Amino acid sequence: MLYDCRKDELIAGIRFWNTEQLEQNSCSRQQINTDFTVTASDSITDKSNLLNIEGRLNLSVLGGLVQVSGAAKYLKDTKTSFIQQRLTLHYHSTSEFKELTVNQLPSENIPDHDQDIGTHIVTGILYGADACFVFDRQVSSDEDKTTVKGEVNVALEKLLGVISVDANADLHMNDNEKAAVKNFTCTFYGDFYGDFQLLSNPTTFEDAMKVFADLPKLLKENQELAVPMRVWLYPLDKLHSRASKYHKDISMNLIQETESVVESLNTAEMKCSDLLKDSPAVTFAAFHDQILQMKQNCYKYKLRLMNKLGSLLPNIHGDVMEETTLNDLLQEHEESPFNESDLTEWLNERERESEIIKTVLRQLKDYGAQVEVNIDAILMDLEVGNLVSYTFTSLNWSDIIIPKQKAYLSSSTKAENVDISSDIKQTSWLTAEIQKTMRRNLEIFKNLMNSKDCKPAKFIVSSKEMKNHPGSCILLYESGCDEAVCFTPPYKPVCPITEEVKGQSVVLKVVPSSCPATVELRLLYKVKQDTDWRSEHVLEDQDTVTLTDLREETEYEIKCAAVGKLSFTTYSDIMHLRIIEKKLLMALDCVTDNLSFTKSKCSELLQDPRTNTFSAFRKKIEDMKRFCQIYRQDFRDKSQSLIWSVQFCEEETCALTSLLQAHEESSFNKQDLKEWITGKEKELSTVNEFLQQLFDIGAEVNFTLDAVLSDIKVENVVYYTFTSLEQPDKLLSELESYLKAPTASRKKNPKTAPQTLTWLTGNIREKMRQHLIIFKESSWFLHSPV
Numbered sequence: 001m002l003y004d005c006r007k008d009e010l011i012a013g014i015r016f017w018n019t020e021q022l023e024q025n026s027c028s029r030q031q032i033n034t035d036f037t038v039t040a041s042d043s044i045t046d047k048s049n050l051l052n053i054e055g056r057l058n059l060s061v062l063g064g065l066v067q068v069s070g071a072a073k074y075l076k077d078t079k080t081s082f083i084q085q086r087l088t089l090h091y092h093s094t095s096e097f098k099e100l101t102v103n104q105l106p107s108e109n110i111p112d113h114d115q116d117i118g119t120h121i122v123t124g125i126l127y128g129a130d131a132c133f134v135f136d137r138q139v140s141s142d143e144d145k146t147t148v149k150g151e152v153n154v155a156l157e158k159l160l161g162v163i164s165v166d167a168n169a170d171l172h173m174n175d176n177e178k179a180a181v182k183n184f185t186c187t188f189y190g191d192f193y194g195d196f197q198l199l200s201n202p203t204t205f206e207d208a209m210k211v212f213a214d215l216p217k218l219l220k221e222n223q224e225l226a227v228p229m230r231v232w233l234y235p236l237d238k239l240h241s242r243a244s245k246y247h248k249d250i251s252m253n254l255i256q257e258t259e260s261v262v263e264s265l266n267t268a269e270m271k272c273s274d275l276l277k278d279s280p281a282v283t284f285a286a287f288h289d290q291i292l293q294m295k296q297n298c299y300k301y302k303l304r305l306m307n308k309l310g311s312l313l314p315n316i317h318g319d320v321m322e323e324t325t326l327n328d329l330l331q332e333h334e335e336s337p338f339n340e341s342d343l344t345e346w347l348n349e350r351e352r353e354s355e356i357i358k359t360v361l362r363q364l365k366d367y368g369a370q371v372e373v374n375i376d377a378i379l380m381d382l383e384v385g386n387l388v389s390y391t392f393t394s395l396n397w398s399d400i401i402i403p404k405q406k407a408y409l410s411s412s413t414k415a416e417n418v419d420i421s422s423d424i425k426q427t428s429w430l431t432a433e434i435q436k437t438m439r440r441n442l443e444i445f446k447n448l449m450n451s452k453d454c455k456p457a458k459f460i461v462s463s464k465e466m467k468n469h470p471g472s473c474i475l476l477y478e479s480g481c482d483e484a485v486c487f488t489p490p491y492k493p494v495c496p497i498t499e500e501v502k503g504q505s506v507v508l509k510v511v512p513s514s515c516p517a518t519v520e521l522r523l524l525y526k527v528k529q530d531t532d533w534r535s536e537h538v539l540e541d542q543d544t545v546t547l548t549d550l551r552e553e554t555e556y557e558i559k560c561a562a563v564g565k566l567s568f569t570t571y572s573d574i575m576h577l578r579i580i581e582k583k584l585l586m587a588l589d590c591v592t593d594n595l596s597f598t599k600s601k602c603s604e605l606l607q608d609p610r611t612n613t614f615s616a617f618r619k620k621i622e623d624m625k626r627f628c629q630i631y632r633q634d635f636r637d638k639s640q641s642l643i644w645s646v647q648f649c650e651e652e653t654c655a656l657t658s659l660l661q662a663h664e665e666s667s668f669n670k671q672d673l674k675e676w677i678t679g680k681e682k683e684l685s686t687v688n689e690f691l692q693q694l695f696d697i698g699a700e701v702n703f704t705l706d707a708v709l710s711d712i713k714v715e716n717v718v719y720y721t722f723t724s725l726e727q728p729d730k731l732l733s734e735l736e737s738y739l740k741a742p743t744a745s746r747k748k749n750p751k752t753a754p755q756t757l758t759w760l761t762g763n764i765r766e767k768m769r770q771h772l773i774i775f776k777e778s779s780w781f782l783h784s785p786v
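Note that UniProt numbering numbers the sequence shown so that position 89 is 89, with each residue one more than the last.
One or more hints might be untrue.
List time: in silico EDC-like cross-link candidates among lysine to aspartate or glutamate, alpha-carbon distance up to 20 Å [claimed, not checked]:
1. K625 <-> E734
2. K464 <-> E478
3. K73 <-> E9
4. K406 <-> E334
5. K526 <-> E536
6. K559 <-> D532
7. K149 <-> E177
8. K458 <-> D482
9. K467 <-> E353
10. K526 <-> E552
11. K559 <-> E540
12. K308 <-> E335
13. K73 <-> D42
14. K358 <-> D278
15. K277 <-> D136
16. K670 <-> D589
17. K73 <-> E263
18. K740 <-> D623
19. K76 <-> E269
20. K79 <-> E259
21. K740 <-> D637
22. K248 <-> E54
23. K528 <-> D573
24. K583 <-> E500
25. K178 <-> D144
26. K149 <-> D42
27. K79 <-> E263
28. K682 <-> E726
29. K406 <-> E335
FRET-style restraints, in silico, Cβ to Cβ [what the hints assert, rightly or not]:
30. K300 <-> G368: 40 to 46 Å
31. E221 <-> N307: 40 to 46 Å
32. D289 <-> L156: 34 to 40 Å
33. E355 <-> V494: 35 to 41 Å
34. D573 <-> P516: 20 to 26 Å
Don't read these hints as lab results, they were simulated from the structure.
None of the values given here were measured: they were computed from a predicted structure.
Backbone N, C-alpha and C define an ideal beta-carbon position, used for all residues, glycine too.
Model the full structure from these sequences, guided by the hints.
Rendered as structure tokens:
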């Protein structure tokens with residue numbers, strides 16, 4: 001039999017030798033062999049390798065030069081989805097090999113090359129049969145991927161066990177295996193004809209296992225019906241020099257590149273099929289139509305490419321055209337809008353868009369919103385008042401590649417394709433900024449649905465092209481109005497600011513809203529433990545609100561509310577406020593007033609000229625004044641800070657009572673200071689009384705004893721000495737230590753007995769009187785400086 005390698009076809013009806021010559025030079029022998037393979041791959045290369053089809057022949061299959069049948073139909077069975085799980089069990093068996101020896105056959109009958117009837121003669125045929133069991137598992141989007149993977153693994157292990165050399169081909173399946181493979185369908189492709197055909201093709205996994213078990217017996221009993229599996233060719237020009245020599249092979253590199261192109265187009269179609277089944281394409285016609293158009297364009301282009309390939313191959317094999325023409329075809333493909341890079345980028349963007357739209361749709365449906373197409377019909381429903389729609393606004397995006405593809409497919413020559421390419425790159429409408437907008441609108445839509453303040457409304461999902469609002473928009477159809485407005489929530493208002501707290505009233509500063517979506521501004525307040533808010537309307541030109549009749553020692557929550565359309569309300573942060581008990585504030589003021597009083601009494605004493613007589617006495621007064629001033633400022637700062645913290649609920653009221661308690665336990669307490677001042681006034685008065693009597697008898701104040709003693713005119717000196725004025729003051733020492741100590745460790749030293757804050761006791765006064773009498777008696781005959 002003749003074979004034309006240029007077209008990869010058998011030429012029937014032409015014989016160079018008679019039957020006797022052929023029988024004398026023919027022989028046959030049994031060649032029994034059986035092989036099994038399991039694969040999960042569905043690529044063109046792996047499928048052709050499984051059936052032992054060489055690259056050049058596979059190229060002819062792709063170009064339509066070779067029509068496949070029997071088990072070879074498996075080559076045309078391509079997965080329609082990437083989520084579809086596929087396993088293929090291949091059964092390969094050979095039975096006989098027939099061979100023709102041509103070196104003894106006469107060559108006179110071989111035609112000259114000008115007759116051009118073929119390129120080779122078939123010299124060997126291997127007979128047998130192939131069978132392919134294709135197991136498919138369709139996977140829905142809501143199925144658990146782990147479960148599906150587990151089922152596929154069970155099926156794969158079962159098939160591997162069946163073909164294992166060491167196994168006993170146990171085709172029985174337990175309940176777990178049956179449950180795992182029940183969702184698999186089977187498509188059978190086999191080289192079985194006539195009496196060799198199966199009674200029925202298997203459609204389930206279990207059916208396939210039964211057929212697989214019967215195949216060896218079937219082939220053994222019907223070996224004469226085996227089909228040619230592989231042929232060996234001998235060039236005619238080696239038998240006769242005048243025979244056709246026009247045959248040229250194509251490089252493997254070009255074959256692989258061509259297969260890769262077809263594979264990329266198959267991949268694009270499969271991805272489009274998956275996208276069309278997903279909820280965004282099912283829900284929105286605009287998104288669906290773009291995907292469908294891409295799938296149809298890829299299919300049309302693939303047919304066109306295969307037709308071109310089918311016309312080129314015979315000419316290249318016959319040396320009519322150079323191999324470079326196939327390379328030119330591939331280069332033309334790379335420059336077309338169907339090149340793998342552009343398709344991959346386009347599909348990746350659509351997959352990303354589909355996933356995000358699907359996520360948004362799922363959440364909207366979970367909230368209770370349904371997709372609606374005919375909004376006009378809903379608006380005619382009298383039971384529907386306000387209508388709120390989460391609207392996808394960019395699904396009718398302006399695509400760049402699809403128009404290019406249409407123009408490319410409509411052209412008939414390469415020259416017409418010159419202007420198809422463009423420097424403008426395909427970009428997705430779904431930018432990062434638009435994603436943020438869609439997410440923000442989703443949150444607003446959810447808040448509208450869940451808000452107890454909003455007016456009643458029907459909530460739906462729709463699609464409408466709105467270039468001014470890319471991504472999504474919340475459309476509002478208010479009751480009785482057919483025109484939609486894009487709903488915008490009011491801006492978050494500024495938290496109210498406390499301007500003044502006076503008694504049981506508080507004056508709050510409010511910032512008027514600059515947001516056009518704000519219809520009304522309100523001030524809300526309540527006792528923290530309560531659930532119901534009280535409300536005060538804020539006028540447009542009003543910047544303060546006064547709250548009255550607030551309860552003492554009660555924590556309030558206060559906030560501003562910006563009210564928009566549908567009464568949708570946006571709230572400011574909550575401000576916490578406590579009205580401090582008036583008695584407590586008065587107690588704090590009393591402390592500072594008492595310290596101020598003590599300080600002023602010290603000032604009065606310092607202004608008294610008598611105080612300047614003795615520096616030790618004056619220094620004590622100055623120290624007391626200074627200590628009171630320091631402590632008063634410190635106490636005032638602390639109390640003001642704590643009042644603020646307690647007022648705004650950062651501290652509890654007990655912080656103020658603790659401050660008062662600490663003050664009472666300190667040496668700056670009112671009683672001690674009052675006693676000290678009283679004592680110093682008494683000391684000053686008493687000392688001055690004694691001084692006056694001393695002055696009356698001629699004594700004078702002198703602090704320079706050495707100078708007096710150095711005067712030779714002075715023979716005797718009598719001093720009346722005040723011995724307690726420079727005595728250390730215990731209270732002043734305590735005050736100084738208290739101020740120097742760290743704040744946390746400031747504690748008053750405990751008193752074991754009532755403390756005397758002056759040295760001027762009754763006994764000391766009596767001694768001073770007696771000393772004065774003695775001094776007077778001595779003054780008659782002595783010069784007596786004091």
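20 Å Cα cutoff - pair K73, E263: Answer holds: K73 to E263 is near 17 Å, not above 20 Å.
Distance restraint between K740 and D623, which requires alpha-carbon spacing of 20 Å or less: Holds, at roughly 14 Å.
Given hint E334 paired with K406 - CA-CA distance at most 20 Å: Status holds; Cα separation ~16 Å.
Cβ separation of D573 and P516, checked against the hinted range 20 to 26 Å: At roughly 22 Å between Cβ atoms, P516 and D573 fall inside 20 to 26 Å, so the hint holds.
Cβ separation of E355 and V494, checked against the hinted range 35 to 41 Å: Check passed, 39 Å falls within 35 to 41 Å.
Cβ separation of K300 and G368, checked against the hinted range 40 to 46 Å: holds, 43 Å
Hint consistency between K583 and E500 [alpha-carbon to alpha-carbon, up to 20 Å]: It holds: about 18 Å lies between the C-alpha atoms, which stays within 20 Å.
Agreement of K149 and E177 with the hint, judged by alpha carbon distance not exceeding 20 Å: holds, 14 Å
Hinted pair K670 and D589, Cα distance within 20 Å: Holds - the C-alpha atoms of D589 and K670 are around 13 Å apart, at most 20 Å.
20 Å Cα cutoff - pair K178, D144: At roughly 19 Å apart (the allowed maximum being 20 Å), D144 and K178 satisfy the hint.
Hint consistency between K73 and E9 [alpha-carbon to alpha-carbon, up to 20 Å]: Satisfied, since the Cα-Cα distance of roughly 17 Å is no more than 20 Å.
Restraint status (C-alpha distance of K740 to D637 at most 20 Å): Measuring from Cα to Cα gives roughly 17 Å; hence the hint holds.
The structure fails none of the hints (numbered hints given earlier).
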